[in-house]
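Q: These are the residues of each chain, in order.
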Amino acid sequence: MWVVFKKEIRSFLGSFIAYIVMGVFLVITGIFMWLIQENNVLDLGIASLQVMFNIAPYILIFLVSAITMRSLSEERRLGTIEILTTRPVSDTSILLGKYFAAVGLIIFTLLPTLFYYYSIKQLADPLQGVDSGATWGSYMGLVLLAASYASIGLFASSLTDNQIVSLIISMVLCFFWYGVLSLLGDIKALELIGKSLEWFSLDFHYQSISRGVLDTRDIIYFLGFIATFLGGTKLVFESRKW
Amino acid sequence: MSIQVNHLSKRYGSQWAVNDLSFEIPTGEIVGFLGPNGAGKSTTMKILTGYIPATNGDAVVCGFNLNTDSLSVRKRVGYLPEHNPLYLDMYVTEYLQFSAGMAGVSSIKTAVKKAIDLTQLSPERNKKIGQLSKGYRQRVGLAQALIHDPEVLILDEPTSGLDPNQVVEMRNVIKNLGKNKTVLLSTHIMQEVEAMCSRVILLNHGKIIADNTLEGLKQTSPNDSLETIFRNLTNSHVGSI
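Top line first, the protein sequences correspond to chains A and B. First residue of the first sequence: 1, per my numbering; consecutive thereafter. First residue of the second sequence: 1, per my numbering; consecutive thereafter.
Since the hints were made in silico from the structure, they are not lab data. Keep in mind that a hint or two might mislead.
As the list claims (entries may be wrong) - On the chain A side, residues computed to face chain B include the following (Cβ under 7 Å):
| id | residue |
| --- | --- |
| 1 | 79 |
| 2 | 87 |
| 3 | 89 |
Said to hold, decoys possible - In silico negatives: residues of chain B with every beta carbon more than 12 Å from chain A:
| id | residue |
| --- | --- |
| 4 | 14 |
| 5 | 63 |
| 6 | 123 |
| 7 | 126 |
| 8 | 168 |
| 9 | 214 |
| 10 | 221 |
| 11 | 225 |
Think of the CB as a built atom: it goes at the ideal place given N, C-alpha and C, for glycine as much as any other residue.
Pulled out of the complex, with its shape left as it was, chain A reads as follows:
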């Protein structure tokens, strides 16, 4: 598994995908946090990273999909999948290696935003400070959310040998699970059905963890979500054997 992991990380760094993803994420969140009129931290006068945590899920839909779009589709297009799968390595370790490489890159992308946290802590009213519980909860939620996106992205990339198709499928699926499902909960006419559908959305559990309360139900939801999509990926990946 680590052999694949290492190769993937090197390929991210070598193909500049890593730098582009990190750069884009920091620039966009930076603009929203500090520059956009009236909505930025300085104008709002609230010492929290909430602005970033609200916008990040949408940016990550695009960025995570961009990271994972080639991981399996490219192997299929090149034909290298045939060499990869005839090595004495199980399909599961190949997939997990690729998956963890993508998750690792995302965590690495989130790290520099700790600088925002530091800045806000310095700017905050010394008597009140920053709600650190909510902040760490939100970071945790963001990592779990991005890890869920990555499992969707890997699944999408197993479906096709075309990177662009893979990117689009992944973005649509991510947006569906994050945004569409939670919007259904807001429709009054749907009543209970809407509410129960909302429970299945990534957003519902992301918001729940963001409050700073670590509920095992949320963690289990995210882990189950990831396991489901990775299982689906394995199923598609092994369809050559049918």
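We have chain A already, so just place chain B on it with the hints.
A: Chain B alone, transformed into the frame defined by chain A:
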């Protein structure tokens, strides 16, 4: 026996790509897998390397059954797929290190060095694979196949698309390897078989139509060239298309 194939069949949809194939290859033999396009050569090789399972029948490679112990087979087999797929943005050494890691080699550095020496890749070792000529790319493909010093080498059209000089070099490399390994290689060039192989298995429409030593095959019609024999054998079965 390095490779034993018993009544192997593979069906794609309603079409039998490989139909009831049986043959044996003893250790240390270089065998040419011959046949027109679509005869089932690649499919058989894909099954023998564990990429896809057979529909019926079984194959034993290096003493391990592919249906039950594919992992043990994959440890002992080196495979060069058709069209030689490669990561073009990787460096030669980097790719071979990756291959060695995937093959579970204990001393990666020695394995890479040995594979580079065997395939005479030394002058190009620090280049990106995408920058290499076709001949050198083919050597990289061969190098990754033998990185773990496998007992059996399965090479799917190892010389296709090479220029005449490169073909001769490639043949010499494979012939050298064949001194202490079992090699199964596919081709549709008769001279290739004459230059490298001691035995020929001729396939057509997923079936074996000849399995003979080179001399044996020549004796079936002494006045014809190997090319003519090949055409006679494969054409006599064309009626079933």
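Q: Does each hint fit the structure? Answer for all of them.
A: Results of checking the hints against the structure:
Of the supplied interface hints, the one on residue 79 (chain A) holds, with its beta-carbon coming within about 3 Å of a beta-carbon of chain B, less than 7 Å. For residue 87 (chain A), the suggested interface contact is upheld, since its CB lies about 4 Å from the closest CB of chain B, less than 7 Å. Proximity of residue 89 (chain A) to chain B holds as hinted, the smallest CB-CB distance being about 6 Å (cut-off 7 Å). Residue 14 (chain B), annotated as away from the interface, keeps every beta carbon of chain A farther than 12 Å; the closest lies near 15 Å.
Consistency note on residue 63 (chain B): stated as away from chain A, and its beta-carbon is indeed over 12 Å from all of that chain's, at 15 Å minimum. The Cβ of residue 123 (chain B) lies farther than 12 Å from every Cβ of chain A, with a closest approach of about 23 Å, so its non-interface assignment holds. The beta carbon of residue 126 (chain B) sits about 15 Å from the closest Cβ of chain A, which is more than 12 Å, so the claim that it is off the interface holds. In this structure residue 168 (chain B) is separated from chain A by more than 12 Å, as the shortest Cβ-Cβ distance comes to about 26 Å.
The non-interface label for residue 214 (chain B) is consistent with chain A: the shortest C-beta to C-beta separation is roughly 29 Å, beyond 12 Å. Distance check for residue 221 (chain B) against chain A: the nearest CB is about 38 Å away, which clears 12 Å, and the non-interface claim stands. Its beta-carbon lying about 34 Å from the closest one in chain A, residue 225 (chain B) satisfies the requirement of being farther than 12 Å from that chain.
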